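Enquirer: Sequence:
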Amino acid sequence: ISVSGIGPKSALSILATDAINDIILAIEEGNAKYLTKFPGIGLKSAQQIILDLKGKLVETDDELIPTHKNDVEDALSALGYSRTEIRKVLKKVNQDLPVEDMIKEALKLFMK
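Position 87 of the sequence shown, counting from 1, maps to 87 under our numbering, and the rest follow consecutively.
It should be emphasised that the hints constitute simulated quantities derived from the structure, not laboratory data. Since this is a predicted model, take the numbers as computed values, not measurements. Glycine included, each C-beta is placed from N, C-alpha and C at the ideal position. One thing to keep in mind: the hints can contain errors.
Simulated restraints on C-beta separations [what the hints assert, rightly or not]:
#: 1; residue 1: D22; residue 2: K112; range: 14 to 22 Å
#: 2; residue 1: P98; residue 2: E29; range: 26 to 34 Å
#: 3; residue 1: S2; residue 2: K92; range: 32 to 40 Å
#: 4; residue 1: L43; residue 2: L12; range: 19 to 27 Å
#: 5; residue 1: N70; residue 2: K112; range: 21 to 29 Å
#: 6; residue 1: Q95; residue 2: L57; range: 19 to 27 Å
#: 7; residue 1: D74; residue 2: S4; range: 30 to 38 Å
#: 8; residue 1: K37; residue 2: S2; range: 20 to 28 Å
#: 9; residue 1: G80; residue 2: G7; range: 33 to 41 Å
#: 10; residue 1: K9; residue 2: D71; range: 38 to 46 Å
Below are the DSS-like pairs computed for lysine-lysine, each with C-alpha atoms no more than 27 Å apart in a straight line [claimed, not checked]:
#: 11; residue 1: K54; residue 2: K69
#: 12; residue 1: K108; residue 2: K56
#: 13; residue 1: K88; residue 2: K54
#: 14; residue 1: K112; residue 2: K88
#: 15; residue 1: K33; residue 2: K44
#: 16; residue 1: K91; residue 2: K69
#: 17; residue 1: K37; residue 2: K112
#: 18; residue 1: K112; residue 2: K92
#: 19; residue 1: K56; residue 2: K44
I would like the entire structure built from these sequences, with the hints used as guidance.
Expert: Laid out in structure tokens, this is it:
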């Protein structure tokens, strides 16, 4: 996988700085602002990363795969929360709960 204008040094600094799933999420959501926080990545580079990689990356964290978790993410997203915020909160939610209870627990965590 390569991105036009991004060398190995910049790529490694991005991967070493943040969680891979957060980076993938930012790319898939087209969140160029998130990508500009990395050293050497300006707005144009961030947009190029999104253009070249969107749809080509797969989430590697197995905990993000269960469909009930996706249902919870969709419900919280419909309430206006970003996918990044949602995933951070869902890491703290009991995954064995029914979808409705997971949503309630997540909302409580958002209120803290």
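Enquirer: I'd like to know which numbered hints this structure contradicts. Please list them from smallest to largest.
Expert: 12
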